[in-house]
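**Student:** If you want the building blocks of each chain, they are given just below.
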Amino acid sequence: MKFAIALFAAPHLPASRRALRFAQATLAGGHEIVRLFFYQDGVHSAASNVVSPQDELDLPMEWREFVSTNGLDAVVCIAAALRRGVLNTEEAQRYARPAANLGAPWELSGLGQLHEAAQQADRLICFGGQ
Amino acid sequence: MATLHMLSHSPFADSRLASCLRLLGAADAILLSGDAVYALQPGTANLQALQLMPASVALYALDEDLTARGMQAPERAQVVDYPGFVELCTRYAKVNSWL
Numbered sequence: 056m057k058f059a060i061a062l063f064a065a066p067h068l069p070a071s072r073r074a075l076r077f078a079q080a081t082l083a084g085g086h087e088i089v090r091l092f093f094y095q096d097g098v099h100s101a102a103s104n105v106v107s108p109q110d111e112l113d114l115p116m117e118w119r120e121f122v123s124t125n126g127l128d129a130v131v132c133i134a135a136a137l138r139r140g141v142l143n144t145e146e147a148q149r150y151a152r153p154a155a156n157l158g159a160p161w162e163l164s165g166l167g168q169l170h171e172a173a174q175q176a177d178r179l180i181c182f183g184g185q
Numbered sequence: 074m075a076t077l078h079m080l081s082h083s084p085f086a087d088s089r090l091a092s093c094l095r096l097l098g099a100a101d102a103i104l105l106s107g108d109a110v111y112a113l114q115p116g117t118a119n120l121q122a123l124q125l126m127p128a129s130v131a132l133y134a135l136d137e138d139l140t141a142r143g144m145q146a147p148e149r150a151q152v153v154d155y156p157g158f159v160e161l162c163t164r165y166a167k168v169n170s171w172l
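As given, the protein sequences belong to chains A and B, one line each in that order.
First residue of the first sequence? That's 56 in the working numbering, and the numbers climb one at a time after it.
First residue of the second sequence? That's 74 in the working numbering, and the numbers climb one at a time after it.
FYI, nobody ran anything at the bench for these hints, they're computed from the structure.
For clarity, every value in this text was computed on a predicted model and none was experimentally measured.
Even for Gly, the Cβ is constructed at its ideal location relative to N, Cα and C.
Warning: the hint list may mix true and false statements.
Restraint-style ranges between C-beta atoms, simulated for each label pair [said to hold, decoys possible]:
#, chain 1, residue 1, chain 2, residue 2, range
1, A, G85, B, V152, 18 to 24 Å
2, B, D154, A, K57, 32 to 38 Å
3, B, P147, A, Q148, 53 to 59 Å
4, B, A118, A, D128, 40 to 46 Å
5, B, D87, A, S107, 25 to 31 Å
6, A, N104, B, D136, 32 to 38 Å
7, A, G158, B, E160, 18 to 24 Å
Same shape as in the complex, but just chain B (with noise of 0.2 Å):
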């Protein structure tokens, strides 16, 4: 039972995205959308943290929220657009919104 996780707040502002990373699944995957986006800052913490995450965890990023911020993704993430986030929550059994 994998599931979605998405993640909307900065992780600069609170500790959503590192509870998150701590109770992870092994299947799971992280979709960044929003101030979330700027856990793929270069040169970060929580860049490194995200890539210290075991390969089977799939990471996401929206790519409206990364163009407004005029961020570009690393190769780690993968970017998708609103009918890739409608595909991608159709994959993972449940969809776990950090509000």
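Isolated chain A, as found in the complex (with noise of 0.2 Å):
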């Protein structure tokens, strides 16, 4: 089965544990992922900046990780990321920043691509909250 799964919270939030650890499940089970989506405070799981305490689960790395492994298609929403101040280089230079937080192997794309992601699949599964 087809899955599209969107991440909308903060990368130290349990949500963003759970939807890390179905996707991982959901490969691991012999389903496809169509594409991960990363909106709203979800954004900044994809930041590279993230420094995740020694003893806790760095999750920004699990992800990354996980993604680049996978070659999975993972888009992080340009308009949530750039509020919340994730650029890639491109949008630093627009936007005259000092610095890019967001390289390979996300991409800044637009909501559409979460629309076209729940088009294409089977199940779009969000993760928020506690």
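Reassemble the complex: the two chains are provided individually, in unrelated frames, and hints are given to aid placement.
**Tutor:** Here is the structure:
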């Protein structure tokens, strides 16, 4: 079955861990993930400058490894990311900001990508909350 | 077209669970995750409301979140792990997250 997974919660919230564990179980179960979409505070999971405490799960790193290892399509909402200071090199240059904190394997794109993923997938599973 | 309703907020903090219970279909199911597993706390109105649901409505709770809160699932609820969670999503036509 084809899954689209959307994450709305920040990396320090339990919903982020739940989304990752669910995504891992999806692939382990022989299913396909057509797209991961990071929206609202979920965009922080894609930021490369997040430093997690040593005794805590490093979710941004786990997400990055999961996406890279499995060659997944991982889209970060550009409007949600810009307003939260999550920028790739192109956007940092466009808005004359001193640094970029988003790179591969993430892609900045619009909400249309969530809509398209919902159309392509058999199930759209959204994660948020506590 | 049965729906799996996924809850992740404490039912003691807002009215998501109450709203969900009002519009449940007869073949729908509820999956409690995160703080929503507190709905299974013994001796509460929330657990009573869940136990009053028709038997056709399945009730699930995520194992990891029960364990993290030192809670046991009552007989009415079935405990699922992550592979079980994925399987549930395939079994119901729609999955609605009460974000």
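**Student:** Are the hints correct? Go through all of them and say.
**Tutor:** Against the structure, the hints:
1. Judged by the Cβ atoms, the range 18 to 24 Å given for G85 (chain A) and V152 (chain B) holds: they are separated by roughly 23 Å.
2. The given range of 32 to 38 Å is broken by D154 (chain B) and K57 (chain A), whose C-beta atoms sit roughly 22 Å from each other.
3. Distance hint check for P147 (chain B) and Q148 (chain A): the Cβ-Cβ separation is about 57 Å, which falls inside the suggested range of 53 to 59 Å.
4. In this structure the hint that A118 (chain B) and D128 (chain A) lie 40 to 46 Å apart at CB holds, the actual value being about 44 Å.
5. For D87 (chain B) and S107 (chain A), the Cβ-Cβ distance of about 28 Å falls inside the hinted range of 25 to 31 Å, so the restraint holds.
6. A hinted range of 32 to 38 Å for the beta carbons of N104 (chain A) and D136 (chain B) is consistent with their spacing of about 34 Å.
7. Roughly 35 Å separates the CB atoms of G158 (chain A) and E160 (chain B), a value that falls outside the hinted 18 to 24 Å.
The structure does not agree with the numbered hints 2, 7 stated previously, though it agrees with the rest.
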